[in-house]
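Chains A and B are the protein sequences, given in the same order.
Here our numbering is used: position 97 in the first sequence is 97, and no number is missing along the way.
Here our numbering is used: position 44 in the second sequence is 44, and no number is missing along the way.
Please note that the accuracy of each hint is not assured.
[Claimed, not checked] No farther apart than 30 Å at their CA atoms in a straight line, the calculated lysine-lysine pairs in the DSSO-like style are these:
# : chain 1 : residue 1 : chain 2 : residue 2
1 : A       : Lys57     : A       : Lys71
2 : B       : Lys13     : A       : Lys106
3 : A       : Lys109    : A       : Lys71
4 : A       : Lys109    : B       : Lys13
5 : A       : Lys71     : A       : Lys106
6 : A       : Lys17     : A       : Lys57
Hints listed in this document are in silico derivations from the structure and should not be mistaken for laboratory results.
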Amino acid sequence: KNQVEQSPQSLIILEGKNCTLQCNYTVSPFSNLRWYKQDTGRGPVSLTIMTFSENTKSNGRYTATLDADTKQSSLHITASQLSDSASYICVVIPVGGSQGNLIFGKGTKLSVKP
Amino acid sequence: ETGVTQSPTHLIKTRGQQVTLRCSSQSGHNTVSWYQQALGQGPQFIFQYYREEENGRGNFPPRFSGLQFPNYSSELNVNALELDDSALYLCASSLALGPYEQYFGPGTRLTVT
Numbered sequence: 001k002n003q004v005e006q007s008p009q010s011l012i013i014l015e016g017k018n019c020t021l022q023c024n025y026t027v028s029p030f031s032n033l034r035w036y037k038q039d040t041g042r043g044p045v046s047l048t049i050m051t052f053s054e055n056t057k058s059n060g061r062y063t064a065t066l067d068a069d070t071k072q073s074s075l076h077i078t079a080s081q082l083s084d085s086a087s088y089i090c091v092v093i094p095v096g097g098s099q100g101n102l103i104f105g106k107g108t109k110l111s112v113k114p
Numbered sequence: 001e002t003g004v005t006q007s008p009t010h011l012i013k014t015r016g017q018q019v020t021l022r023c024s025s026q027s028g029h030n031t032v033s034w035y036q037q038a039l040g041q042g043p044q045f046i047f048q049y050y051r052e053e054e055n056g057r058g059n060f061p062p063r064f065s066g067l068q069f070p071n072y073s074s075e076l077n078v079n080a081l082e083l084d085d086s087a088l089y090l091c092a093s094s095l096a097l098g099p100y101e102q103y104f105g106p107g108t109r110l111t112v113t
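Take these sequences, add in the hints, and give me the full structure.
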């Protein structure tokens, strides 16, 4: 069964610190992997999209990496800000899949404290 | 903001009632997908509409139904509401079928009592 597992489930860090969120997946083959940021009670917003052949993608202070051999992705947040407090969701699209085949992780809830 | 709007933002219904949620897609997008997100969970795919036709459905019972209109806006209807239907309902629009970028609306929070 295609799955996307994220860790940790939740994380608390101090403002200004860096953190790394993990995503392990069993979806294979896949066309692309996405990281979304979701504020509480709001819709997800795309941070990065990587195809299976890409190793890294940056968006400001957010950097996503992908290791297709180990089926792992990570999202690194640099110099965290209070506004980074949100859930971060890893999403994998299988090859040939449309939006309906998106496989979502449960997310990591990040809290940034002053 | 993604340009995708949903209404209402919050809704409270009682068990057995029916509800209609609405979504306006981003300009130029002809594909809309609906998701249910329970608290602490990732979104679960309900169904997708492309050019007014249903194009794929997740593991949801028939009492979840939808429509897409000629302007590509969409509705999600849920009949005979159950307590477990309480969730955030998200719609997402994209340019077309295929692995295009999805743009999510802010969601509708449905509470069933």
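Structure-based check of each hint:
1. Between the alpha carbons of Lys57(A) and Lys71(A) the distance comes to roughly 16 Å, so the proposed pair stays at or under 30 Å and holds.
2. Of the pairs offered as hints, the one joining Lys13(B) and Lys106(A) holds, with about 26 Å between alpha carbons and a cut-off of 30 Å not exceeded.
3. At roughly 22 Å between alpha-carbon atoms, Lys109(A) and Lys71(A) fall within 30 Å of each other, so this suggested pair holds.
4. The straight-line distance between the Cα atoms of Lys109(A) and Lys13(B) is roughly 28 Å, inside the 30 Å bound, and the hint therefore holds.
5. Straight-line distance between C-alpha atoms of Lys71(A) and Lys106(A) comes to about 17 Å, which keeps the hinted pair within the 30 Å bound.
6. Proposed proximity of Lys17(A) and Lys57(A) is supported: the alpha carbons are some 20 Å apart, at most 30 Å.
Hint compliance for this structure: every hint is met.
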